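Protein chains in written order, with this note's numbering: chain A, 1 to 303; chain B, 1 to 272.
In short, the hints are calculated from the structure, not lab data.
Owing to the predicted nature of the structure, the values given are computational and were not obtained by experimental measurement.
Check before you lean on any hint, since a few could be wrong.
[Unchecked claim] Listed below are several chain A residues computed to face chain B (Cβ distance under 8 Å; list not exhaustive):
hint	residue
1	Leu52
2	Glu53
3	Ala97
4	Tyr265
5	Phe268
[To be verified] Computed list of chain A residues with no C-beta within reach of chain B, every gap over 12 Å:
hint	residue
6	Ala49
7	Gly57
8	Pro80
9	Arg82
10	Ala121
11	Asp125
12	Gly134
13	Met135
14	Leu167
15	His168
16	Ala273
17	Ile281
Note that CB positions come from ideal geometry on N, CA and C, so glycine has one too.
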Amino acid sequence: MTTIELGNVSRWYGNVVAVNDISMTVGPGVTGLLGPNGAGKSTVLHMIAGFLEPSRGELTVAGMASWRNPEIFRTIGLVPERDSVYAFLTGAEFVTATARLHELADPGAAARRAIGIVEMAEAQDRKISTYSKGMRQRIKVAAALVHDPEVIVLDEPFNGMDPRQRLHMMDLLAGLGQQGRVILFSSHILEEVERLSGTIQVIVGGRLAASGDFRAIRRLMTSRPHVFLVRSSDDRLLGSALIGRPAVTGVELTPRGLQVRASDYGTFARELAGITRDQGIRLRELLPADESLESVFAYLIAS
Amino acid sequence: MTQQSRMSHRMSQEPDMAAAGRPGKRAGSPVSGVVNGVVLRLTLRATMGRKRALIFAIAPVILIGVSALLKLTAHSPVWPPEFLGVFGFTVVIPLTALIIGTSVIGAEIDDGSIVHLLATPVRRLSVILSKFTAAVILTAAFGAIPEYLAGAIATGPASKLAIGLFAGALAASVIYNALFVMLSVVTSRAIAVGLLYLLVWEGLLGNLVGGVRLLSVDQYALGISNSVAHNANLHAHLTLSTAIGMGIVVTCIALAFAARRLSSFSLKGDAV
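Whenever a hint applies, use it, and build me the whole structure from the sequences.
Given below as structure tokens:
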């Protein structure tokens, strides 16, 4: 079974630590590397793809070290984040040239197969300079697929795509994962990772904050203490009723409304409805106060 | 939990499928070859496709145009070695090589598209040699051949001077491009560093300090030219064997170093 293995991998630039002591195993199927911008996702992907030397630790792909080892690219297909390709080539020329660089037996057939997978056959004879962002992304994926690699690494593959292109790319990656390939992609958008991957690795501040099954991490995220801002016809009455409930751990009256800290998201939501009905309070507004991805990540690090 | 078990199920199933008959497998031989034809062709197309390629035309225009003009108007018999030899070898050929040599790989490193080339098993030495070959071909086309044509205009197509100039210009195309390709792998300011080398080292110090000539590419080119042309007005200071020997050493060291540096090519991560 092909895997990507990181053992206590760190990478620093001078005094700045970009990746701090990360250990993980990525197996077949789709794995999302999730984290806010600047968390170290690209650094990790670049090290996996052999375009950055780990400062410390062990890193292997299919059992081989990837730094200074071009042979690794028989196993890895890389889709870099930057959009620069040989824009003067047509899509078909670009993918065929990549197949030739891999010295495939039949570059033309391999290119047609890869272009077919990403559904770019119609546009393959147009120059890449005329492609939309989503098409460029797909032709880059075709080039990464042309030698039929076991491992595909994609850096922010959904960046700049419209929703339709995004869905298409997600289906594509899901299909490749189901074929038993190791698909590792990075994203800073929770929903993308949620839709696509059963397994996620969350990186925050250069550290691995959470790892494993997405549902478990999702539960961890939803069962954390939540802060809500509630506005009602009688904030004081509502506050006194809420503080009596076990799911509520704190209430504060503020000029903007009632700030409520709840330990359990689901229970709080159910009880709030009951209380307002029983007390005859009209609920005007209910806002989650800390739903930003950063606060979710911050919680994950702390736990 | 369900996801987990589905995952492991999938893992146990798939390897057979992965191993069995996917198309497009490799053609037995390891990725070999000193110069990679695909890289060479892509580089020639990319380099000629950039706007910068218009600058390549300056050298032939100057060399051939001015030679034709001097042929018609000049009375002094020393203008061919002075103009085509000294001016050609210290200004026209090196600048042409600088523009070409720094664009064959430097442009791709700058815009990041080199990653598509490096994310393949092609050996890094082979990438460098292919880029270098493309640069030599272009510099020969836009520098050395115009030198010969200009020499032919000046003293006749079979003259020793024309042939000597051609030999020297070809040698200069090879050695300068090895240096400039290396510079573009080592630094993102390859043009500036290359200009400094040409102006300060070859232009200034080369005239003042004798020993510097031993490490000046224009002197290798002049030495090689002079071994054919035997013309004192070329102001050649090095013998043929020294020029060729040093030229080979400089070329090999520059290319080997470039390949070594390209093997450590790194993408910038985030967080910095």
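**Asked** Which numbered conditions among the earlier hints are violated in the structure presented, ordered from lowest to highest?
**Response** 4, 5, 6, 8, 9
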